[in-house]
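Student: Each chain, written out:
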Amino acid sequence: MFVINCPFCGERDQSEFSSGGEAHIIRPKQPTELSDDQWAEYLFMRKNIKGVQFERWNHAHGCRKWFNMIRDTSNDKIHAIYKMGEKPPIV
Amino acid sequence: MSKELRVNSKYIDQTTRIPFKFNGKTFYGFKGDTLASALLSNNVHLVGRSFKYHRPRGIMTCGSEEPNAIVQVSNDPSLTEPNVRATEIELYEGLEANSQNCWPSVNFDIGGINNFLSPFLPAGFYYKTFMWPASFWEKYEFFIRHSAGLGKAPTKPDPDIYDHQYAHCDVLVIGGGISGVIAAKLSAEKKLDTILLDDKKDLGGVSIYNNDDNFKINDQNVSKWLSNEIENLKKYPNLSIKTRTSLAAFHGYNYLLAKENLTDHLNVNDRKDKIRQRLWKIRAKKVVIATGAIERPLIFNNNDRPGILLSSSIKKYIDYYGVKCGTKISIFTSNDSAYETVLSLYKNGVKVNSIIDIRDKSESLIVKKVQDIGIKIYWKHTVVNTKGYKRINSIELMKLNEKGTGVIGDKINESCDCLGISGGWTPMVHLFTQSGGKLEFNRIDNMFIPNENKSSSEQISVGSCNGDLELDDIIKKTNLKTKEFLDINTSIFDSLKIQSSKEKNKKNIWLLPSDKPLGKTKPFLDFQNDSTAKDVKLALREGFKSIEHVKRYTTTGMGTDQGKLSNMHALGIIADTTGTNMGELGTTTFRPPFTPLTFGAIVGRNVGQFFDHTRYSAMHNWHETNGAKFENVGQWKRPWYYPKNKESMHEAVQRESKAARDSAGILDASTLGKIDIQGTDASEFLNRVYTNAWSKLQIGKCRYGLMLNEDGMVYDDGVTTRLGENHYIMTTTTGGAANVLNKLEDYLQTEWPELDVYLTTVTDHFSTISICGPNSKKIVNKMIPDLDLSDQNFPHMSFKNSSINGVRCRVMRISFTGEHSYEINIQSNYAKNVWEMSMEAGKEYNITPYGTETMHLLRAEKGFIITGQDTDGTLTPVDLQMDWIVSKKKYDFIGKRSLYRSDTIREDRKQLVGLITDDPNEVLEEGSQIVEDLNKKPIEMLGHVTSSYFSPNLNKSIALAVVVSGKNLKGKKLFVPMENKNINVTITDTVFYDKENKRLNA
Ligand SMILES: [Zn+2]
Chain A
1 MFVINCPFCG
11 ERDQSEFSSG
21 GEAHIIRPKQ
31 PTELSDDQWA
41 EYLFMRKNIK
51 GVQFERWNHA
61 HGCRKWFNMI
71 RDTSNDKIHA
81 IYKMGEKPPI
91 V
Chain B
1 MSKELRVNSK
11 YIDQTTRIPF
21 KFNGKTFYGF
31 KGDTLASALL
41 SNNVHLVGRS
51 FKYHRPRGIM
61 TCGSEEPNAI
71 VQVSNDPSLT
81 EPNVRATEIE
91 LYEGLEANSQ
101 NCWPSVNFDI
111 GGINNFLSPF
121 LPAGFYYKTF
131 MWPASFWEKY
141 EFFIRHSAGL
151 GKAPTKPDPD
161 IYDHQYAHCD
171 VLVIGGGISG
181 VIAAKLSAEK
191 KLDTILLDDK
201 KDLGGVSIYN
211 NDDNFKINDQ
221 NVSKWLSNEI
231 ENLKKYPNLS
241 IKTRTSLAAF
251 HGYNYLLAKE
261 NLTDHLNVND
271 RKDKIRQRLW
281 KIRAKKVVIA
291 TGAIERPLIF
301 NNNDRPGILL
311 SSSIKKYIDY
321 YGVKCGTKIS
331 IFTSNDSAYE
341 TVLSLYKNGV
351 KVNSIIDIRD
361 KSESLIVKKV
371 QDIGIKIYWK
381 HTVVNTKGYK
391 RINSIELMKL
401 NEKGTGVIGD
411 KINESCDCLG
421 ISGGWTPMVH
431 LFTQSGGKLE
441 FNRIDNMFIP
451 NENKSSSEQI
461 SVGSCNGDLE
471 LDDIIKKTNL
481 KTKEFLDINT
491 SIFDSLKIQS
501 SKEKNKKNIW
511 LLPSDKPLGK
521 TKPFLDFQND
531 STAKDVKLAL
541 REGFKSIEHV
551 KRYTTTGMGT
561 DQGKLSNMHA
571 LGIIADTTGT
581 NMGELGTTTF
591 RPPFTPLTFG
601 AIVGRNVGQF
611 FDHTRYSAMH
621 NWHETNGAKF
631 ENVGQWKRPW
641 YYPKNKESMH
651 EAVQRESKAA
661 RDSAGILDAS
671 TLGKIDIQGT
681 DASEFLNRVY
691 TNAWSKLQIG
701 KCRYGLMLNE
711 DGMVYDDGVT
721 TRLGENHYIM
731 TTTTGGAANV
741 LNKLEDYLQT
751 EWPELDVYLT
761 TVTDHFSTIS
771 ICGPNSKKIV
781 NKMIPDLDLS
791 DQNFPHMSFK
801 NSSINGVRCR
811 VMRISFTGEH
821 SYEINIQSNY
831 AKNVWEMSME
841 AGKEYNITPY
851 GTETMHLLRA
861 EKGFIITGQD
871 TDGTLTPVDL
881 QMDWIVSKKK
891 YDFIGKRSLY
901 RSDTIREDRK
911 QLVGLITDDP
921 NEVLEEGSQI
931 VEDLNKKPIE
941 MLGHVTSSYF
951 SPNLNKSIAL
961 AVVVSGKNLK
971 GKKLFVPMEN
981 KNINVTITDT
991 VFYDKENKRL
1001 NA
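Sequence order for the protein chains is A and B.
So that you can map any letter, position 55 of the first sequence is 55 in our numbering, and since no number is skipped, the others follow by simple counting.
So that you can map any letter, position 77 of the second sequence is 77 in our numbering, and since no number is skipped, the others follow by simple counting.
No lab work stands behind these hints: they were computed from the structure.
Built from N, CA and C at the ideal position, the CB exists for glycine as well.
Partner residues aside, some chain B positions facing chain A, computed with beta carbon under 8 angstroms:
no.	residue
1	H251
2	G252
3	Y253
4	Y255
5	G436
6	E710
7	E745
8	Q749
9	T750
10	E751
11	D892
12	K896
13	R897
14	R901
15	S902
Work out the full structure, taking the sequences as your base and the hints as a guide.
Tutor: Structural data, given as structure tokens:
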């Protein structure tokens, strides 16, 4: 179980957080213009990388804020945490 | 206890005799004994039967790696515990233990016939045989369940108390042997907040009873030096020592779980009201693993008989417990450590008959000493067979050939009642690998050791778990490594004078040869799961290559001991057979827990009423007093129905439903989720999350909304009211409240941060009293006389701020029953009072409280859906025939694009319809299947019933269902096949009652 440094609350146990899957998948601004395939790409397709992955996390049992995390899924090392809307730092 | 088998020991209390029962018979042991040592002192070796062949098995070890002596403790149906290792049970008064895995008794076991059938029970036998024919499975299952199995689960709830506790520390030291004690002292001396754990009752590990003159620290016996060090540890206030505490799991970020046994060693009568076990959840900045090593067995023909023990265990039994494991002992070894056992036995008056050593020679100090005593050593020999069914009585040995691949010369027979075996040492790297560490193979000692270069977390392994097996190496390296790890500069421990016997000659043979061909021998690898070296070789011949596959196919290492003794040999044999380097082969994965945990320790206090939260509405007491039966809806307790005069549920629901339509009904609707929505973009936000349009909703008006997932499927629904220009209150389903709030927050924070909207849950703040029926208006008028209830002022789907006895409330005129109806929302602490006022005001109209069952019935009469009952995450609004609520004008809302995917526009999707039974008294079962053609095989399922009731208002059975292309099948006759009949049904409209909605304004 990791320790996550919530950008609003500080270091907390992983049990306070919930994971929200891959980050930086932006909801299409004009969904009506998309083909079925393009929409399916947004809706269903996720990378699920073994290695460094960009993820969304929510401090569900805390401040309830969403934020982004760069995590290596092979060893759970957290490389960076940054707020929603911020550019991912280079790691 | 047999006097001949006991010698003096200062480590246990030999003045206190403790009676205990094993397999119903009373025995005696001493305080400080384990069940295993006490049994051995009573000359009991046979303690169980093996899993597959039901071979007699005896105590083999003295610790957590024990594969055979697995017992069922206690005969009490609520306290009985299976799979406990006799080697870990501290003897107490009242202990009752029984052998497992044998029927009818350990001495006569019917399953033992498997032993003679064993040529027909090779690896994968169960997989291969019981696959076919499938119809025989039930018979096989019966056979397997009766002849196999590991113990019995308790049949009554566990009355014991279990606890969870968090601990945070700078340094956690796991293992209180000599290296753990050194590391803990260094850490404590540096003023670091330190925890030292050990699974035994005392610290000291194997060194604490090492009184061998070949080993000295500062000219003292190891035992003496170490007990002084341990005594000194107690003075550090920053060091917390937890004994009887075994580490179960080492997770990432140095998060570790440890189980502390608090009462298992106490007399049964002294345990009352005490916490039995505590699960420690430890977050350590740094971890020192000092878990030691366990001795390996040797793999040879019939190496599993009772009386065959690990040589180091024989040493502990004599040195620590003062118990002789036999009186005619032979030792079979591949290394020097068995000679320590021989010396310990000799010191205690047991002369070892003979030593069989696979090596050519050894010139170490300790071997020389043994030779001087005059004990016969068979160099370069191996045991090729053992004899004795319930206890070993003799061994056969032969000389090894040059390469060690076969035997030569004549067979020598030696009689014995105990055989100590020693195949070298296996470092306990389990915790290191659990934490994600990778191992490397040490070819000299043939063992896997931690590769700390590849370890990322803040931890080190010290002592023999790091592969250091000689006393001087252990102490020196532990000292250096710990100091570097903890950044310590003192000279403490630097100048210790250590004397140790050095082993130089090494030899290892994973599978020892016999004079018989392998197929005719039984060299056991995994004693608990009864897999032999033959099985592993068979798996390889059958094409299994991956070690993980061989493990599963042969079940090697899959017992409750997780193959602590067997894994290395299995790997060695695979490597030898396939010509692979062991380092490249890798190991199987060690998974937590290191030793089995009780369910009690895992769940802690979260049992019974603490298993989950229970939520009660503010009127709960009233419902209870008035005889409500409750139903669980999420965490809420909701009144289900209110039986009167011993009514059945059906009778109560029929009465309640009739009353609600004929005069007045009252419902506690407080559990519906309520989300307060404020902000200048609140209307735009609702536009995006609901399928219908919200911008034009006037202040003071209510609107029903349907919420989809992005995949177009219905997610939740409810009425939202516009309280002000930038202020709404949304209601959600009871079960969906938390998820809806989370989902909305997610969109607000991540997709639409530009929107000025704030969400607050107010579910608990307001309670909701729903009064419906033709007399509801009169009742509300009595309660709030100054509120103008006329249709002009207060029409359906609108809201008014008002007050009752000076308490502000929100009154909505909305209806889930189809009746003229009001919902009074009031601050929860006044709600019970207002509920009672409503009952009083409604008395003259026979106001009838109704529960969720009647609510469901009434809404079904109107064809209103319940999300989660009529929907299941696969239905779009179009499937529900609710096209009317999907805005065509709005450019976008959550799920819109998915509504015209090629799959969602299919005409032959399952669609919501009404169902009427031909026999109006026949009520369908919810969930039952709907078919058209009864003769077609396989029968085609068109859909299923989602809601079904007998309507007292229509005097017939009604149902909602989802049916393929149902929308176009109105009037169609279909069947609902049941176990012993087929029910004829007809598809109808979903609205059964008051299609014109006249009653809303009645
Ligand atoms: Zn937070």
